[in-house]
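Once you have looked at the hints, place chain W on chain P.
Here the protein sequences line up with chains P and W, keeping their order. Quick note: the first sequence uses my numbering, first residue 307, plus one each step. Quick note: the second sequence uses my numbering, first residue 23, plus one each step.
I should point out that these hints are in silico values taken from the structure, not numbers from a laboratory. Just so you know, not all the hints are guaranteed correct.
Unchecked claim - Only pairs whose alpha carbons sit at most 25 Å apart, straight line, appear in this in silico DSS-like list of lysine-lysine:
#1 W:K209 x W:K64
#2 P:K442 x W:K98
#3 W:K256 x P:K542
#4 P:K560 x W:K297
#5 W:K25 x P:K524
#6 P:K562 x W:K355
#7 W:K292 x P:K485
#8 P:K562 x W:K356
#9 P:K568 x W:K199
#10 P:K451 x W:K292
#11 W:K195 x P:K560
#12 P:K524 x W:K119
#13 P:K524 x W:K64
#14 P:K451 x P:K474
#15 P:K474 x W:K355
#16 P:K568 x W:K209
#17 P:K474 x W:K44
#18 P:K474 x W:K213
#19 P:K524 x W:K44
#20 W:K292 x P:K442
#21 W:K256 x P:K568
#22 W:K28 x P:K542
#23 W:K90 x W:K195
#24 P:K562 x W:K195
#25 W:K176 x P:K532
#26 P:K560 x W:K325
#27 W:K336 x P:K542
#28 W:K356 x P:K568
What the hints assert, rightly or not - Pair by pair, the computed Cβ-Cβ distance ranges are:
#29 W:V158 x P:T550: 54 to 64 Å
#30 W:E328 x P:E459: 32 to 42 Å
#31 W:K355 x P:V523: 52 to 62 Å
#32 W:S116 x P:S533: 28 to 38 Å
What the hints assert, rightly or not - Partial pick of chain P residues on the chain W-facing surface, computed with a CB cut under 7 Å:
#33 K532
#34 T550
#35 A554
Just so you know, these numbers come straight off a predicted model, no measurement behind them. For every residue, glycine included, the Cβ atom is placed at its ideal position computed from N, Cα and C.
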Amino acid sequence: MKIVVCIKQVPDTTNIKVDPETGTLKRETAGTVMNPFDMYAIEEALRIKEKLGGTVTVVTMGPPMAKEILKVAIGMGADEAVLLCDRLLAGSDTWATSYALAKTAEKLGCDIMLFGKQAVDGDTAQVGPSAAQYMKMPSLTWVKKIREISDKEIVVERMMEDGIDVVKSSLPVALTVVKEINEPRLESLKGKMRAKKYEPQVMTLADIGGDENMVGVKNSPTRVAKSWSATREAGKAELIEGDTAARAENLFGKLKTLGFIK
Amino acid sequence: MAKLNKEEFKGVWIFAEQRRGKLHNVAFELLGKGRELADQLKVDLCAVLLGNGITALAQDLIAAGADKVYLVDDPKLDHFNDELYANVLADIASQFKPEIILTGATAVGRAFFPRVSILLNAGLTADCTAFELDMVERNLFQIRPAFGGSLMAKIMTPERRPQMSTARYKVFKALVKDPARKGEVIKPQIKADSLQARSQFVEFIEEVETTINISEADIIVSGGRGIGGGENFKLVRELAQALGGAVGASRAAVDSGWIPYSHQVGQTGKTVSPKLYIACGISGSVQHLAGMQSSDIIVAINKDPEAPIFGVAKYGIVGDLNEILPALTERIKKG
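Same shape as in the complex, but just chain P (with noise of 0.2 Å):
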């Protein structure tokens, strides 16, 4: 079973800090990690290895940087990671980042292939289904847990905003996972030795056979027409005084005014 875990580097939006002053964010001091929604995907490969036999590469696009959240699934135990690196690639958008991972995972074989549910900084959920379609593998999204898996054939659970939707397909697949699936291990002592020693393979747009007309920024369908802080003016809420009675029944009126209250 050869499992490909696609993971991506983002800024560490649990340390990011909007600047009072200005109201935007202040990325430059936040760091990076591994997207919290990979180390999902990357112990729900390593579960399905542990089960079924195979190896498990993970996979990341992006500057040389990025070899660090490699060596992190190095070290939780991924056996091979693969860094897509290429200035052809820069300023991909989903449409031909996908079709790079897709690249990819074609070079390397692959029976599954797994992604977090989105990525923290974009937050589109795009790019797994897109490679899926690259693929022509079905893609199941916001898979919540595996109920069965052969070499054939997989029965997953995938959390619908009104339930679960339970559903099957055959191999290859492409899966998306939501953090309910499991609970990702720490690297082990073993693995960070391993980590520490490795060194992530680097492939470029041509090792991989990708199209330089499908990818970076001038072949991407979407363009940033614009971007701005969206964070509202600090203080802008009105505030209510008065005793706990005079605010409740402020609020109350306020609420009351608006149709909230019937």
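Okay, now just chain W, sitting in the frame of chain P:
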């Protein structure tokens, strides 16, 4: 990629999601926004309706603003299937060439629209909260939060068509339905290949939880770390009940085991945009704000006057929620 003749693409489409024969409300909201866009562009507004035994729903879509409904009523489409829905929508879009296709940023929409965007070589923008048009180039500006909602981005797809987006639920306004409104129902030919899939639906398990689904609620009362303990969460529940709303929670409250994960609002929980959001004892981390700051009216109750939640709230009360919540609940009950 060869340059596309954008002139060939005309019309605004919305994908009308239905689950078990019931249209998702976001379909009506998108018809509301879609109507506006279609009128500006002087083109038809069309809905795409897929499913089994759902023909009767087409008139509801027309009543809510659609000029045309592309309908595929087929036993194979009985349940949501990523491959089939993507193939069939891409098949219809290739035949009729719309310039815009929107769907709700729901579990369904976000699962299969990415596949459609690959099949159509089209750009896709996730979870949009606003749309604007550039009438010269007929470009759709797709506005969305990124970075946990602390950054807004305006995205465009200048060279490719159709322009595709998933749009956040409860942000756009549905039109008042006009049952007398006339429209056309079209049953397109679908390639046999489009109806082939390797995955298949097994069963649906309804969530046992009987509390109101927070994604659907118009009013949410949420509790955070400042609630102080699981026992105190009843103050939040009682206020929610008095208002006829749902109970939400911050990650801190869920991680403390005070309330189940299904109530969690924020980047790792659910994104909500109710008409009223009352945040009790929630400081307002970037992650929490990401999940609720598109709510219409936000009220914050917190003992820390410096809490970032006051930055997004319309009304704030700095004080002890053990006193304020019961007083407010009592006042509402009195009427």
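Hints versus structure:
no., hint, in the structure
1, W:K209 x W:K64, "23 Å, holds"
2, P:K442 x W:K98, "19 Å, holds"
3, W:K256 x P:K542, "29 Å, violated"
4, P:K560 x W:K297, "14 Å, holds"
5, W:K25 x P:K524, "13 Å, holds"
6, P:K562 x W:K355, "12 Å, holds"
7, W:K292 x P:K485, "13 Å, holds"
8, P:K562 x W:K356, "12 Å, holds"
9, P:K568 x W:K199, "24 Å, holds"
10, P:K451 x W:K292, "19 Å, holds"
11, W:K195 x P:K560, "23 Å, holds"
12, P:K524 x W:K119, "24 Å, holds"
13, P:K524 x W:K64, "31 Å, violated"
14, P:K451 x P:K474, "12 Å, holds"
15, P:K474 x W:K355, "49 Å, violated"
16, P:K568 x W:K209, "44 Å, violated"
17, P:K474 x W:K44, "24 Å, holds"
18, P:K474 x W:K213, "24 Å, holds"
19, P:K524 x W:K44, "42 Å, violated"
20, W:K292 x P:K442, "30 Å, violated"
21, W:K256 x P:K568, "22 Å, holds"
22, W:K28 x P:K542, "44 Å, violated"
23, W:K90 x W:K195, "20 Å, holds"
24, P:K562 x W:K195, "22 Å, holds"
25, W:K176 x P:K532, "5 Å, holds"
26, P:K560 x W:K325, "21 Å, holds"
27, W:K336 x P:K542, "7 Å, holds"
28, W:K356 x P:K568, "12 Å, holds"
29, W:V158 x P:T550: 54 to 64 Å, "57 Å, holds"
30, W:E328 x P:E459: 32 to 42 Å, "55 Å, violated"
31, W:K355 x P:V523: 52 to 62 Å, "58 Å, holds"
32, W:S116 x P:S533: 28 to 38 Å, "32 Å, holds"
33, K532, "4 Å, holds"
34, T550, "5 Å, holds"
35, A554, "4 Å, holds"
In the structure shown, a violation is registered for the earlier hints numbered 3, 13, 15, 16, 19, 20, 22 and 30, in ascending order.
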